[in-house]
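J.: Dock chain B against chain A, hints included.
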Amino acid sequence: MGLAGCRRAVAKLRLVSRFEEAGSALENQSAMKAEDVHWVDEPTIGLWEAMYVPAILGGLATTLRHAFQKPVTQEYPEVAPDLPPNYRGVHRLNRDAQGRVKCVACMLCATVCPAHCIDIIGDQAPWADRDKYPTKFEIDELRCIYCGMCEQACPVDAIELTSIYDLTGVSREELIYDREKLLIIYDQTKDNPKDPIRTTGGTLGPAAKILGAISPPTTNTKC
Amino acid sequence: MAIVTINGQDVEIGDNERLNVIQAAKRIGVEIPHYCWHPALSVVASCRMCLVELGEKKPDGSVSMQPKLAPACQMPAKHGTVVVTDSTKVKQAQATNLEYLLLNHPLDCPTCDQAGECFLQDYSYRFGRSASRMEEPKILRADKPSIGDQITLFTDRCVMCTRCVRFTRELSGTSELQVINRGALAEIDIYPGQPCNNKLAGNVVDLCPVGALCSKDFLYKQRVWWLKTRESVCPNCSTGCSITVDQNEEHVYRLRPRSNPQAQGHFMCDEGRFGFKYVHAAERLTRPAIKNESVSTNGNGEVAPDWSRILGRVRQVFSQHTEEDPNGVAAIFSPWMTCEDAYLLASWLRSLSPAVRLALGPIPIVGEDDLYPKDWRGEPVQPPRFVIRAEKCPNRRGVEAVLKHFQQAEVEIGALFDDARAGKLHAAQVVHPGPGGWLNGDQITALARVPFLVVQGLLKSDLSDAAQVVLPGASFAEKDGTFVNHAGLAQMIKRSIRCPAEGYTDARIFMELAGHTGLFNARLLRQEMAREIPHFAAFAAGDLGDQGVRLDASVASQEVAAR
Chain A
1 MGLAGCRRAV AKLRLVSRFE EAGSALENQS AMKAEDVHWV DEPTIGLWEA
51 MYVPAILGGL ATTLRHAFQK PVTQEYPEVA PDLPPNYRGV HRLNRDAQGR
101 VKCVACMLCA TVCPAHCIDI IGDQAPWADR DKYPTKFEID ELRCIYCGMC
151 EQACPVDAIE LTSIYDLTGV SREELIYDRE KLLIIYDQTK DNPKDPIRTT
201 GGTLGPAAKI LGAISPPTTN TKC
Chain B
1 MAIVTINGQD VEIGDNERLN VIQAAKRIGV EIPHYCWHPA LSVVASCRMC
51 LVELGEKKPD GSVSMQPKLA PACQMPAKHG TVVVTDSTKV KQAQATNLEY
101 LLLNHPLDCP TCDQAGECFL QDYSYRFGRS ASRMEEPKIL RADKPSIGDQ
151 ITLFTDRCVM CTRCVRFTRE LSGTSELQVI NRGALAEIDI YPGQPCNNKL
201 AGNVVDLCPV GALCSKDFLY KQRVWWLKTR ESVCPNCSTG CSITVDQNEE
251 HVYRLRPRSN PQAQGHFMCD EGRFGFKYVH AAERLTRPAI KNESVSTNGN
301 GEVAPDWSRI LGRVRQVFSQ HTEEDPNGVA AIFSPWMTCE DAYLLASWLR
351 SLSPAVRLAL GPIPIVGEDD LYPKDWRGEP VQPPRFVIRA EKCPNRRGVE
401 AVLKHFQQAE VEIGALFDDA RAGKLHAAQV VHPGPGGWLN GDQITALARV
451 PFLVVQGLLK SDLSDAAQVV LPGASFAEKD GTFVNHAGLA QMIKRSIRCP
501 AEGYTDARIF MELAGHTGLF NARLLRQEMA REIPHFAAFA AGDLGDQGVR
551 LDASVASQEV AAR
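Read top to bottom, the protein sequences are chains A and B. So in my numbering, spot 68 of the first sequence is number 68, and the numbers just go up one at a time. So in my numbering, spot 209 of the second sequence is number 209, and the numbers just go up one at a time.
Only chain A is shown next, with the shape it has when bound in the complex (with noise of 0.2 Å):
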């Protein structure tokens, strides 16, 4: 019996020990019984398997099957990834009809932040139609987790999150966005089909389209 052989069979036995264990756990049996353990003879290697030659062929096969398939890898950063519609990438902060910033800074987004990177101060919002609204609005990009909860609790859908991935910085206070910052990010990436509105007033918007047949919900919303 080989070293091989034997690693196999102890890993065999490990793994047959550990499904007693969770066997054990489960129905709160004490000890392992001898019948439960499988030992397991290494298979003799002649002549011809010590010899490699059949494993390098092996190899040598899969390798040849290989180089006439399609690649999987891709050409990144020549080319770029195909993300799915629904990517979570670096936030935006959405404008409204006339171009104003669209969140009312109820501070929603930071209150369910899990890392705690969302940091807005409100104040009397400027305009007649409008209660509030954030005079300073920042994220902490490398603080953040990506788990897109704020957008899922923005009550006028301000903050979604786009198909950009590859943000990069010398500093990290580069890297911590301000209102500005994420009022660009929304100019540049609102004309991108990867990202487009998510939702309008309560209704999925254009992306409801590209993530295909999803029904606009029907319930009255009003309360």
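Rather than coming from a laboratory, the hints here were simulated on the basis of the structure. Do not take every clue at face value.
As the list claims (entries may be wrong) - Derived lysine-lysine pairs resembling BS3-like cross-links, with alpha carbons at most 25 Å apart: (1) K221(B) <-> K181(A); (2) K70(A) <-> K136(A); (3) K291(B) <-> K424(B); (4) K291(B) <-> K136(A); (5) K70(A) <-> K144(B); (6) K136(A) <-> K216(B); (7) K136(A) <-> K424(B).
T.: What follows is chain B alone, placed relative to chain A:
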């Protein structure tokens, strides 16, 4: 004793108690929702939220119920009253009523400051229905930010409970607020050009069960679910209103009154409500310092902590001077100090020498006691329901009691200033954990002649400039302690935030000066004070509860027991 049956459960009500059905139900944990009723205001029964099934138990044991629902706030809980709050009929009435109140209520909870402590939200969640059947557009009414200097009105959020109107009529007596128009168009308003600026105006914000009346000072500063709340006592006058301090991330955002029938009732004045700003003033002292001494830095250029060195120097100079001439050593106590702080400082100085003079500093008296409600001439109506005291400090009686224990003869503060002026004082410690403007220019000039003047306080001022040693102390929000109000009611204040920068709490400074080991524990110190000082016998439990304890009563009962 009256027995009221609520949802089949009997509630006992004392002979001298006058409760309505809402209060009786609360006693067994049954909540009857209500907007317009408030224990301190008259009953109008206009919101219709507290409708319940009422009936009467006849002497023969039979129960006769009223055919229609009746408001619980208006119904006195008398013997034999039968109340049902959980029947389908009541639940339907509650849901329908909430739907009606929400007809024209805007859906702006995300930007509303009340969200999180709003009774419309809470009751809708618990008693209401999730969707509205309203098809027509909502009636929009313009906001009224000019309704008062400290308050603003979001007209369309109002549910017309008229608590604010009744408050200005019954508590402040100034009657600025009123209801204009009728029906769906009714709104709260003021007489043109006469804003609601009375000294109790801030209370209408607390009274408002929804987000209609908001405080301009707090508006959009924080979401309420971030605030951490602790019970405390307002330090602005000797009424000693029970309050809560609401803070987040070491910043106090607002003070709110807390109901305490022993102290002030349900409310507080605007002077106290907005008078805490000095806690976060830019002039706060941040590190201990000795005059004309360069700041020591470590190898990285950072300023090294100086506390132990400076306190050691204070201790050494004070004991040296006490040995030479104990009459030339004095301490001036501020009426903003807690009883515990005063006790620690007095016991340290007395341990140096019984001849050290301890004096209570000047008591700030501004005008006269301001009694509410007022009549239409502005004269107070008897009996007063709320008093803003002229004595603008929280703890004169407490500090007096401590000093009286340590020295039988009271030291005149005027004589102390005269001695300072004459150069007879060699070392003095002035402790003032309160706002600026306590000592006047003459007094500060007199103290500036003391060769070793230690000033322990909050703010940089002429007094701290005159000092040889400056020790940054703690404000009322930064420490544990006890205040004794004008009527001898001792209430606990609790630490809400930390001292800014390198500040120490006053008690810690005194403990280190006295060479005590361990940490300051207000509860244990109160127990020690109860053993040492008969006046503070009521501190024996250590914990004074939410409502505080009366010192005089305990002294009186002790005297009775002694006899």
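J.: Which of the listed hints are not met by the structure?
T.: Going through the list in order, the structure violates hints 2, 4, 5 and 7 and respects the others.
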